[in-house]
Amino acid sequence: MLKYSIKRLLESLPVLLIVVIISFTLMKVAPGGPFDSEKTAPIEVQKEIAKMYKLDQPVYIQFKDYLFNVLKGDLGVSYKYPGRTVNELIAKGLPITFELGFYALSYAILIGVLFGVIAAIRKNTMLDYIPMSTAMIGVCVPSLLMGPSLVLVFSLWMGWLPVSGWDTWQHKLLPSLTLGSAYAAYIARITRGGMLDVLVQDYIRTARAKGVAEKWIIIRHSLKGALTTVVAYLGPAVAGLLTGSFVVEKIFQIPGMGRYYIQAAFNRDYTMIMGMTIMFSFLLITFNYIADVLAIAMNPKLSFENKK
Amino acid sequence: MSQTEFIEKGNSLWQDAFYRLKKNKLAMFGFVFVSIVILLAIITPLIAPYSYQEQNLILGAVPPNGDHWFGTDTLGRDLLTRVLYGGRISLMVGFVATFVSLVIGVLWGTIAGFLGGKVDSVMMRIVDIMFSLPFILFVIMLMVVFGRNIFLIFIAIGAVEWLPMARIVRSQVVNLRKQEFVEACFSLGFSKRRIILKHLILNVLGQIIIYTSLTIPSVMLFESFLSYLGLGIQPPMSSWGSLISSGVETMEEFPWLFLFPGVVFTLTLFSLNFLGDGLRDALDPRASKD
Amino acid sequence: MFQNIRYLLSLSIMGAFLFTCSPSKSTKSKLGSKSSQKIFKFGNGSEPTDLDPHVVTGVPEHHIISALFEGLVAPHPKTLKPMPAAAESWTISDDLMVYTFKINPQAKWSNGDAVTAHDFEFSWKRILTPTLASEYAYMLYPVKGAEAYNKNKTQDFSTVLAKAVDAQTFKVTLKAPTPYFLSMLFHYSSWPVHPKTIAKFGAEKKRGTQWTRPANIVTNGPFTLKTWELNKVLTVVKNPNYWNASIVKLDGVNFYPVDDNGAEERMFRNGELHVTSTLPVHKIPFYQKKKDPRLNISPYLGTYYYRFNVKKAPLNNPKVREALNLSIDRSLITKHVTKAGEMPSFTFTPPNTAGYTSRYQISKNNLEKAKALLAEAGFKDGVNFPKLTLLYNTQDNHKKIAEAIQQMWKKNLGIDIELNNQEWKVYLSSVKKGDFDIARAGWIGDYSDPNTFLDMFVTDGGNNQTGWSNKDYDSLIAKAAMTQSTSDRLALFNNAEEILLTELPIMPIYTYTSKYLKSESVVGWESNILDVHPFQHIDLK
Chain C
2 MLKYSIKRLL ESLPVLLIVV IISFTLMKVA PGGPFDSEKT APIEVQKEIA
52 KMYKLDQPVY IQFKDYLFNV LKGDLGVSYK YPGRTVNELI AKGLPITFEL
102 GFYALSYAIL IGVLFGVIAA IRKNTMLDYI PMSTAMIGVC VPSLLMGPSL
152 VLVFSLWMGW LPVSGWDTWQ HKLLPSLTLG SAYAAYIARI TRGGMLDVLV
202 QDYIRTARAK GVAEKWIIIR HSLKGALTTV VAYLGPAVAG LLTGSFVVEK
252 IFQIPGMGRY YIQAAFNRDY TMIMGMTIMF SFLLITFNYI ADVLAIAMNP
302 KLSFENKK
Chain X
22 MSQTEFIEKG NSLWQDAFYR LKKNKLAMFG FVFVSIVILL AIITPLIAPY
72 SYQEQNLILG AVPPNGDHWF GTDTLGRDLL TRVLYGGRIS LMVGFVATFV
122 SLVIGVLWGT IAGFLGGKVD SVMMRIVDIM FSLPFILFVI MLMVVFGRNI
172 FLIFIAIGAV EWLPMARIVR SQVVNLRKQE FVEACFSLGF SKRRIILKHL
222 ILNVLGQIII YTSLTIPSVM LFESFLSYLG LGIQPPMSSW GSLISSGVET
272 MEEFPWLFLF PGVVFTLTLF SLNFLGDGLR DALDPRASKD
Chain F
319 MFQNIRYLLS LSIMGAFLFT CSPSKSTKSK LGSKSSQKIF KFGNGSEPTD
369 LDPHVVTGVP EHHIISALFE GLVAPHPKTL KPMPAAAESW TISDDLMVYT
419 FKINPQAKWS NGDAVTAHDF EFSWKRILTP TLASEYAYML YPVKGAEAYN
469 KNKTQDFSTV LAKAVDAQTF KVTLKAPTPY FLSMLFHYSS WPVHPKTIAK
519 FGAEKKRGTQ WTRPANIVTN GPFTLKTWEL NKVLTVVKNP NYWNASIVKL
569 DGVNFYPVDD NGAEERMFRN GELHVTSTLP VHKIPFYQKK KDPRLNISPY
619 LGTYYYRFNV KKAPLNNPKV REALNLSIDR SLITKHVTKA GEMPSFTFTP
669 PNTAGYTSRY QISKNNLEKA KALLAEAGFK DGVNFPKLTL LYNTQDNHKK
719 IAEAIQQMWK KNLGIDIELN NQEWKVYLSS VKKGDFDIAR AGWIGDYSDP
769 NTFLDMFVTD GGNNQTGWSN KDYDSLIAKA AMTQSTSDRL ALFNNAEEIL
819 LTELPIMPIY TYTSKYLKSE SVVGWESNIL DVHPFQHIDL K
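Residue numbers (our numbering), protein chains in the order written: chain C, 2 to 309; chain X, 22 to 311; chain F, 319 to 859.
These are calculated hints, taken from the structure and not from any lab test.
Predicted model, so just to flag it, every value in this text is computed and none were measured.
Keep in mind that a hint or two might mislead.
Claimed, not checked - Result set (BS3-like, lysine-lysine): computed pairs, CA atoms no more than 25 Å apart in a straight line:
no., chain 1, residue 1, chain 2, residue 2
1, C, Lys65, F, Lys524
2, F, Lys750, C, Lys52
3, F, Lys698, F, Lys682
Generate the whole structure from the sequences, applying the supplied hints.
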């Protein structure tokens with residue numbers, strides 16, 4: 002297990018490097034630069050700007066400089082917001098996105114597991130169809146539809162909740178719901194499937210035959226097996242959450258990383274984009290790693306698969 | 022025939038699966054609804070009451086009435102027509118992009134799983150890397166570097182969605198490699214290539230069908246997301262995604278502009294998802310849960 | 319037992335629901351809350367990139383900087399005439415070339431230091447410093463020697479004739495009589511920065527230091543910077559050291575960087591903003607129908623137009639360009655697409671710009687002539703006309719206008735145009751490179767004078783970007799820059815604009831309006847063509 006962990010860690014480093022290379026290349030190839038503006042400055046001024054940001058250097062030198070800085074932990078200075086370093090902007094936006102993702106994920110796991118368990122136990126009855134259909138709403142109604150609808154009903158008609166922002170729990174409720182509902186549905190589906198798988202296993206039948214109460218069967222014996230699959234899903238779920246937060250942050254005007262990211266892409270803020278790409282990738286790799294390790298810890302059988 | 026007769030008859034895996042699928046009411050509803058939608062999309066040019074781009078600026082946005090069953094948008098264009106044409110685009114994107122991802126993913130996963138060893142490691146590492154790329158940036162850059170046209174959208178989305186497919190296929194192939202009948206094939210002397218193509222892929226087909234039917238709605242959702250960012254279909258063409266995106270802005274004043282495409286889109290996604298779920302329940306060999 | 323779990327669960331869900339049912343004891347203070355502070359809540363459209371007046375270029379930054387800093391002169395809120403600000407008086411020489419400003423002896427920085435003429439000389443030197451690469455340095459080019467210094471042709475600042483004669487006197491010599499020079503000084507590019515603070519952070523020659531942070535910044539305007547929460551809110555509070563602090567009635571201003579105008583309008587309705595930066599167009603008829611007094615629409619100094627790439631056939635043929643111009647119905651667009659009271663444009667310079675209205679105008683809706691011209695160019699009824707692409711930056715309004723025009727050309731001339739939208743930066747780059755056939759554009763005047771519109775289209779002008787060149791036009795514009803008499807100048811502009819409007823490298827569509835929502839509790843806010851509303855005159859009732 003330890004060997005596996007270390008091996009995975011080491012394998013992640015070249016992945017990060019490749020991420021840096023690919024995103025750097027894409028940024029350089031894309032048309033439109035960070036300093037294009039409607040009021041065209043005189044050529045001399047444009048030259049000075051290019052020089053200031055070292056954009057007049059050959060590409061491989063720009064890349065080399067950048068890489069060295071990244072290794073030192075310095076992601077550079079934003080082009081769009083002079084005086085703000087990328088690290089600073091990430092430090093401002095990331096905790097908020099984290100919080101949003103955390104609430105969304107908690108909601109998703111809570112509701113998802115609950116619905117999934119109920120549906121599995123009462124398979125093919127109304128208690129199967131209703132929770133699964135309700136959860137399905139989260140998947141089939143896109144967040145750019147669900148978010149504004151919720152705002153319409155709860156903020157503008159009822160006046161119960163604020164329209165946008167991220168201060169009090171009232172601000173945080175709707176965005177978390179909007180972001181989490183798709184994942185609640187996936188988790189419900191996975192839990193249900195996992196539960197169903199486990200419930201037909203021999204050892205469950207044995208437990209029932211021995212007269213163990215139904216509730217213990219569910220809680221002690223089946224749930225753990227079902228949750229293993231959920232944990233395995235967490236890696237991609239977190240990836241989806243980080244990117245799904247883009248739309249939700251825009252709808253609710255939440256000052257998180259997602260909003261910065263979109264703005265940076267449109268502004269051609271090279272350093273921001275690359276810095277955030279690296280950050281995102283680092284996070285994704287970390288989460289995937291943790292989820293994988295957790296899954297193996299919960300079910301050692303899985304590790305054989307990876308022995309290949 | 023009655024249930025007992027059916028069981029006694031003994032059936033292949035596929036017939037078993039089909040029977041299970043038919044029993045699933047939600048899945049059948051999904052199947053019927055999707056079929057209707059696809060049919061409507063195909064015959065749209067014949068049945069659409071207006072042109073999708075003809076404007077009536079003075080009319081502006083009016084609620085549903087006798088002339089315009091779904092009402093009109095702010096430029097006076099008939100909404101029913103635009104929803105019909107939007108369906109063509111959305112479904113086209115869904116199917117074609119999924120098909121692209123299917124081809125890439127299946128080939129990739131099968132080759133990796135079958136060849137194993139170093140090749141497998143390298144190929145799957147590439148998949149891992151791509152998983153770590155925040156894909157929205159990737160797609161934005163592609164759209165921006167190569168311009169916006171519908172074929173590029175197919176390829177861009179397909180190029181992102183093939184990753185999970187490759188993983189699934191590869192793990193299935195790895196599993197199946199260990200099964201006995203593959204060894205039997207080896208001992209019978211079939212050429213390697215025939216083995217890959219015929220036996221492995223057939224056995225993986227179940228997983229592919231399931232995954233495909235779940236990818237299509239996910240692709241359509243992704244397209245609506247791109248439209249929201251202004252990277253989707255060029256006007257005056259529109260997909261359901263772009264109709265909803267612009268409809269959301271006028272949600273309070275002209276609710277029909279987002280309700281109709283929204284409901285149609287949501288119902289279609291529901292149907293596809295139910296169908297996919299039903300297929301999964303039906304085709305999954307572990308599903309002796311009855 | 320499972321029953322019990324379900325029971326408990328439903329109880330708790332109901333409980334949670336009831337809890338949220340109570341109207342939120344809103345912690346976000348709404349308007350009219352008990353607070354005794356007069357805080358003006360301002361929808362500012364986007365997060366400011368910086369607060370350095372010599373570096374920024376946008377309107378949101380302008381709003382904040384105008385609360386924090388003050389230049390030599392300021393516009394009167396209604397008439398836009400130059401009023402004393404940091405300068406208490408000035409004299410202009412007879413030949414209109416030398417301006418002598420007397421700095422107000424009461425003018426102070428927020429830390430108590432006196433504002434002096436040396437501060438202005440330092441600041442003008444800074445914005446003209448080549449390595450600072452200020453994109454608005456050109457606003458000071460009328461000053462003799464400024465352009466050469468900024469383009470690094472000389473490193474000697476004494477050649478730039480903007481001098482502090484003594485602590486109270488600032489003398490500026492121009493290279494040509496520039497009648498609108500004072501109104502150019504309304505723009506923050508000529509405003510002062512605090513030399514000691516700049517020096518402390520080594521920012522004389524470079525941008526991006528920390529001197530604009532709340533803890534460091536020193537300003538001379540009616541407010542000082544209190545907090546700056548990225549993408550959330552920027553707050554300023556009344557500056558007790560401001561020389562005119564007695565007329566400032568607000569205690570502070572909060573700038574909210576809301577970039578989604580749908581969200582901004584909802585915030586306004588929810589009572590979270592006093593004023594918005596703009597308004598979604600489709601909502602305007604609803605406010606108009608209710609005769610809602612909070613809706614504000616007034617003319618704005620800008621023109622919405624399309625550029626033609628005159629280097630690409632068939633747009634190189636002026637007959638084609640004129641045909642395109644004559645075959646669109648501008649009032650249909652302003653009445654039914656943009657719907658915000660815009661005026662259709664038949665000239666490039668907006669009518670009544672500092673008293674100037676172009677005598678020559680594009681003829682309205684002359685479909686017959688348009689068809690005839692197209693036929694003369696060899697494309698009768700649009701046959702064989704190449705499929706050109708119309709480029710615009712991604713935004714709903716631009717899309718709707720483009721779609722409408724696409725239809726008009728198809729219906730009236732029989733030609734097919736393809737639409738292409740790119741996001742802002744890509745679009746700017748494409749236009750700059752000439753990578754377009756027809757491109758949407760908008761030009762807001764930098765100051766209130768026709769020159770800011772007409773000097774765009776001189777040969778190789780940085781903002782021309784159409785490839786059009788006309789020697790007569792160039793010489794008329796150059797001559798106008800040297801002319802003293804107003805009537806002579808306007809005559810020259812008339813001639814120049816006539817050339818522009820007969821050759822038509824562009825297609826003007828409408829004159830901008832500023833449209834926004836303003837709460838009825840806002841007092842002292844006057845509409846004007848530059849859309850400037852100095853915060854020192856605002857009050858909340």
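Compare the distance between the alpha carbons of Lys750/F and Lys52/C with 25 Å, and conclude whether the hinted pair is satisfied. Satisfied, since the Cα-Cα distance of roughly 20 Å is no more than 25 Å.
Next pair to validate is Lys65/C with Lys524/F; report whether the Cα-Cα distance is within 25 Å. Holds - the C-alpha atoms of Lys524/F and Lys65/C are around 24 Å apart, at most 25 Å.
Assess, step by step, whether the Cα of Lys698/F is no farther than 25 Å from the Cα of Lys682/F, and give holds or violated. 21 Å, holds
In this structure, none of the earlier numbered hints is contradicted; all agree with it.
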